[in-house]
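Undergrad: Protein chains in written order, with the numbering used here: chain H, 1018 to 1347; chain E, 1018 to 1347.
Simulated from the structure, these hints should not be mistaken for lab results.
It is possible that some hints are incorrect.
Each pair may be met inside one copy or between any two copies, as identical chains are not told apart.
[Stated by the list, open to error] Mimicking DSSO-like on lysine-lysine, the simulated pairs with C-alpha atoms at most 27 angstroms apart in a straight line are: (1) Lys1301 x Lys1185; (2) Lys1140 x Lys1301; (3) Lys1345 x Lys1316; (4) Lys1055 x Lys1316; (5) Lys1167 x Lys1316; (6) Lys1140 x Lys1167.
There are 2 protein chains.
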Amino acid sequence: MPQALVRALRGEPQSPPPVWFMRQAGRFLPEYRAIRAKATFEQLLSDSDLAAEVTLQPVRRFPRLDGAIIFSDILVILDALGCGVTIPEGGPRLARTLDQIPLDQPLDERVFEPVQAALRTVKANLPPHVALLGFAGAPWTLLAYGLEGKGSKTWSRAKAFLHAEPAKAQAWLEKLADAAARLLNLHIGAGAQGVQLFDTWAGELDPEDYAAFGLPAVRRTLAQVSGAPRLFFARTGYLPQALEALPCEGLAVPWQVPIAEARARFPRMVLQGNLDPISLLAGKEIATAKARRIVEAMKGHPHIFNLGHGLTPETDPEVLGAVIDAVKGA
Amino acid sequence: MPQALVRALRGEPQSPPPVWFMRQAGRFLPEYRAIRAKATFEQLLSDSDLAAEVTLQPVRRFPRLDGAIIFSDILVILDALGCGVTIPEGGPRLARTLDQIPLDQPLDERVFEPVQAALRTVKANLPPHVALLGFAGAPWTLLAYGLEGKGSKTWSRAKAFLHAEPAKAQAWLEKLADAAARLLNLHIGAGAQGVQLFDTWAGELDPEDYAAFGLPAVRRTLAQVSGAPRLFFARTGYLPQALEALPCEGLAVPWQVPIAEARARFPRMVLQGNLDPISLLAGKEIATAKARRIVEAMKGHPHIFNLGHGLTPETDPEVLGAVIDAVKGA
């Protein structure tokens, strides 16, 4: 029998809903920090045993989790295009921006081999009730990092590029879309039972630019992914109605939007989310009460409990455990 | 005859629409930077002649502007409550956070005297077609700064406080709401013909917390303001429908939301906005095309052209001038 998470991704409401957390393989866990004390982030990305280990850590600590998302980074695609990505504490840095790279640069798929190996290792070691998830960065988010060379407060360089060189921007977005689809298909080939496309900077484009540049590229990626259900996460308080027509099975709902409203506006979609990760810092009582209200609002609709953005390093694992118990007991 | 901006605020559609810009008195202007080379930000706040001068600068440079917003800062209210606010380059710093200040601390209204004097000076020197605007910070935004003591990426301390001490949080929000109303009424008494309440961190609360804590305090402020039309700016991609029922005449629409959608959802409201300030960095052609589409979408509805967030220091005044011309020629 398929796992609860897979059944929910197929559109079958589960009660209680399956649960996993964005960034669950990461900085809030002491056991993750213990590994990071001995290995850099880049070493974790390139060493499939370490990547598998940090993927499995949250599943070991929280046996009621329904999903394990593979440890990786959305920027591996830029690395495979020759950007020379490093991820120090202050955020990602690119040795070369995309405008220094030819449009016909081939994707070096060897970069993806460690994550494929890690997926296979995790798959062989996961408890049977836990589903394995893969992921990739969405084209606009990759283009934004690729043009800025690092994080930005305003993404002004990337945003201006869309208009200054629209044909080139679209060509890059298509290339990045194809690369993201390729990566997601590789994840599926290596055992992922569902994949999530992360458009972390969706909210940095105004709605007309996102409709013109961001969404067509997302559509292009999702349409090429096959073999497992697809989730799309647009991190933005303004969710365009056009998301309902995307070729995917589900939407990850940002915490800024009431999930009941997303249920009304996107009835075709499996919905995932959407607790504010910062509410986990307010203690067990608040976080569990908010989690229960989300579960309540989604009864009868295919729902995967999650956060509405990634876990912060400050999260107390005990509070997260209490939220899982609340979701499972609701 | 009242100015075009005042007529629009009364609900009368103007063609072309009146125009002003959030943060127009500020860092993007060389003449402002020349003054700041000789005076600190705090000196500008406390010297009414300097504050009046930087308020008038954009109106002199752009004679087609319809509004002048008084130079001040949303945090003057926290200063008047004894927080000891300074505003160095890296962002505001408070010497004392609100939890170190008693709830019955009286508002030191002497702090507001320079801005009142500046309003009177500006009023006496404005061209007759330009309307004068006052403003204040909204209660939740003030509480967030007041509890964190400075800007924050997550506002986790302030958000946790709402739930850890809800009664105290509500008491502070009410006190801050009353202080904001008092300040706006003082602005109106000194000549402001319209006022805007800025909830800069509205988007940092999840929708249920904003409904429980943010909005009731906004309502409390707006309901106490009289003598001039009231605009409310909630900086968030998710605009709750409850905004339509606020006791104010208009909404400033953030750039994240299509203004045509705001027009459909908030039919009672005068709408202001909502060009993405970052689109001004993409050059004249892009910025003016986007501006024209906004004007087009708002024809027949009371509309005040503006940005959907404040001007950035990187803005080229020539591009802003081109946008004004485009709005006036559209």
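Undergrad: All hints, please: hold or fail.
TA: Consistency of the hints with the structure:
1. Within a single copy, Lys1301 and Lys1185 get their C-alpha atoms only as close as 49 angstroms, which misses the 27 angstroms cut-off; across copies the closest is 20 angstroms, which meets it.
2. Proximity of Lys1140 and Lys1301 under a CA criterion of 27 angstroms is satisfied in neither setting, with 32 angstroms inside one chain copy and 53 angstroms between copies.
3. For a Cα distance limit of 27 angstroms, the shortest separation of Lys1345 from Lys1316 inside one copy, 13 angstroms, qualifies, whereas the shortest one across copies, 52 angstroms, does not.
4. In this homomeric assembly, Lys1055 and Lys1316 never come within 27 angstroms of each other (Cα to Cα): the closest approach is 44 angstroms inside a single copy and 62 angstroms across copies.
5. With identical chains, the CA atoms of Lys1167 and Lys1316 are never at most 27 angstroms apart, being 41 angstroms at best within one copy and 40 angstroms at best between copies.
6. Taking the closest pair of Cα atoms, Lys1140 and Lys1167 never come within 27 angstroms of each other, the shortest separation being 33 angstroms inside a single copy and 45 angstroms across copies.
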